[in-house]
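So the chains spell out like this:
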Amino acid sequence: MLTIDGARGEGGGQVLRSALALSLATGTSFRVERMRAGRPKPGLMRQHLTALEAAAAIGEADTEGAVIGARELVFRPRRLRPGAYRFAVGTAGSTGLVLQTILLPLLTAPAPSSLTLEGGTHNPHAPPFDFLAGAFLPLLRRMGARVDARLELAGFYPAGGGRMAVEVAPVRALAPLALVARGAPRRRRARALVSRLPRKIGDRELAVVRSRLGWQDDELEVVVLAEGMAGPGNVLLLEIESQHVTEIVTGFGEVGVRAEAVAEAAVQEARRYLAADVPVGPHLADQLLLPLALAGGGVFRTLPLSRHASTNIDVIRAFLPVSVDVARVGDAAVEVTVRA
Amino acid sequence: MPDNVVIGMLGSTLDRGGPDRWRQWRPTVDLCRHEDLLVRRFELLSQPRFRRLAEEIVGDIRTVSPETEVRLHELALADPWDFEQVYGALHDFARGYPFRPEEESYLVHVTTGTHVVQICLFLLTESRDIPGRLLQASPPRRRSDGGPGSCTIIDLDLSKYDRLASRFQRQQREGLSFLKSGIDTRNAGFNRLIERIEQVAIASTAPLLLTGPTGAGKSQLARRVYELKKARRQVEGPFVEVNCATIRGDAAMSALFGHVRGAFTGALQPRPGLLRTADRGVLFLDEIGELGPDEQAMLLRALEDKIFLPVGSDREVRSDFQLIAGTNRDLGQAVRHGRFRDDLLARINLWTFHLPGLRERVEDLEPNLDYELDQWAARHGTRVTFNREARAAFLTFAASAEASWPANFRDFNAAVVRMATLAAGGRVTTAVVEDEIARLRALWAPATADEAEATLRRFLGPGRIETLDRFDRAQLAEVLRVCASAASLSAAGRTLFAVSRQRRTTANDADRLRKYLARFGLDWATVLDRRRAQ
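These protein sequences, in sequence, are chains C and P.
Sequential numbering from 1 applies to the first sequence in the working numbering.
Sequential numbering from 1 applies to the second sequence in the working numbering.
Since the hints were made in silico from the structure, they are not lab data.
Treat the hints loosely; a few may be bogus.
Unchecked claim - Quick look at which bits of chain P chain C covers, simulated, 3 or more residues with Cβ under 8 Å:
1) 17-27
2) 33-45
3) 55-67
As the list claims (entries may be wrong) - Covered stretches of chain C (chain P as the covering partner; in silico rule of three or more C-beta atoms under 8 Å from a C-beta of chain P):
4) 56-70
5) 156-167
6) 250-258
All figures in this text were calculated on a predicted structure; none of them were measured in a lab.
Built from N, CA and C at the ideal position, the CB exists for glycine as well.
Bound conformation, chain C alone:
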């Protein structure tokens, strides 16, 4: 059985989620040792247990060690079982992270699936819904996937209470993807989402975007989310649409952090992306590695890889007979090539 060192690289939940996705997609059983060994609270935590249980459900998998605090666990998928699923995620976990675990395997399943994911849809340290729907899924569709996601209710940390619906239709095989240039700028848009908080927070964030990025008033929008939201929340979404790709940068509003500071951090990230003249930002790079590996090929240019990305590459090499090469291109960019 394949053994994964859970403390390697990023050494956290990403190792497990990537391993689960690849295990389901390839039908390979695996064992994780030293699960999150170097973390302050080591072992399996609730959000990982949620992802594990979701993966076990769609893969009819047997698990060992699926308990809080486990340092070792075994996952043996039997067969993919597409269908209608509803997964409720507790506060600290994100619906996006659960989707990341089960979406790719379901793409390769023999029949369509329909997922309802409840919980946080805009959590710090996780891809928010808008990023998944606006940046990641379009690229998957370009690779042949038929997948649609709809936000029914936004759920912000800590209250959660959001809901997204995802429809997945099977594809025989994913097609390789080449993404080495952004192409001509098409459109840019800054949206400040505000739930159960003063609208002024959004105004102040957009004021920073206007002055620091020079975006125009018609590119700026405050979205006040209707009643029905479980709790308060705020995110700033900077969407940069180019000819070949759309990137979305997110800033998460936090209690005790000024709106200007939230906006400034997002603006910095957007400027780094724009200055590097690469099509793929750091978060999108994390997401693209697995689909490219499953497609058996592809290439993209991005900023220097994060620890998440290099960890994903390690896990991919364990499950799939593909080569992943990372080559420097210029001062602040790399080209990632996946070959069968």
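Following the hints, position chain P against chain C.
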């Protein structure tokens, strides 16, 4: 792994509702937000007047923790600061709750609710009415970080804590050593006895009965039991000691139970009596078999109801004391002869401990010698030591069959005190020991003729002696004297046939002795029986 079930009271102050509630730390909701604690069920106790808040909290828990099933229980508490009411309501809840400790792990949340609620939850957990562990939540270090703070699980089962367990062991060892007055005794039977007494003395307030021959240390042990209980804060009152043989007759009633002024001629002042003085302390009644029938009746009442009537008084008085009784008589026999009340005996011999005489504990002679020398040094400020030969000579004599130690440790103590007094320059020499051995022989010898009579009477009963030839009397008396202090029939046989057994290859001393005793209608069981009846 068992599922976690939290039992907790809704905190009407901390578990806030309203639009700003997500900016606050709310113990009940935030308990369900911990990444490393999965709460499968929450038994949320609440009062009817907080129903709206409770429902809002239940909804919030469902949002942040879909894994958690929440059950709301309403307790009608008119005054949540009233201990009796709160304890009663929570006790009812605990008694009615279908605990399944094999499948579920119960966590009792003690961060919310009034302090009285928290205390009652603690008490019910400590008493195992709720078979769970305590759960204490704390807010995040920065209120604004939106995190759930931290929580600590506290297991009240002290045996699960290694360092505490070793602390209790140490305390127990100290208790044992204390009961033995610090004497490092080696006799296994005696050490087991002390262990048991320590357990009982700490755990029980029922009467203790100490039996054993005179000088075996009953009185000293009773005082040590009291001091141990006092050190463990189990008694507040004094230690009151009386030898019942010294207060016979009319004075006994008054000495024990007190009298009022003018109760009898000469009763000019009222007297509280020893039982009253021992209130909340320990009363040691030595030679309890010597109490007269009236005193026995009154004592029984005092033990059962904790009340009695002083002489000449028509008002009962209360006294709550622990009784330690001492006796060297067979109280069972005294009951059969109508000299002791059987109901009183039943009341006091719940815990009976037989203290062996010195001859049954020859291994302990040496540690007791050291103890007596330490005591001497403590009293006189100078140390007395034995030279090696002197020490060996004394211990050999002390352990020999010749040394009968009729008053046991009292005799032994007197011998050591005499040698210490006569030790020139603090050194006990062979000469001093030889002097003392001669003195002891002389002390015990005059009694020998009478003692032979007494021994025979004790084992045969008075009528039988006259049927024996004088020729047999002397030999039988010596045989029985050895039997009186031997650990077993075989041990007695080895002592009696010590010379001839060296010449023989097979040693059937026990059999020879058994046959010899049988000639006089005696067997070992009878010998033991009579020994105890001394």
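For a quick check of understanding: which of the numbered hints are violated here, in increasing order? none
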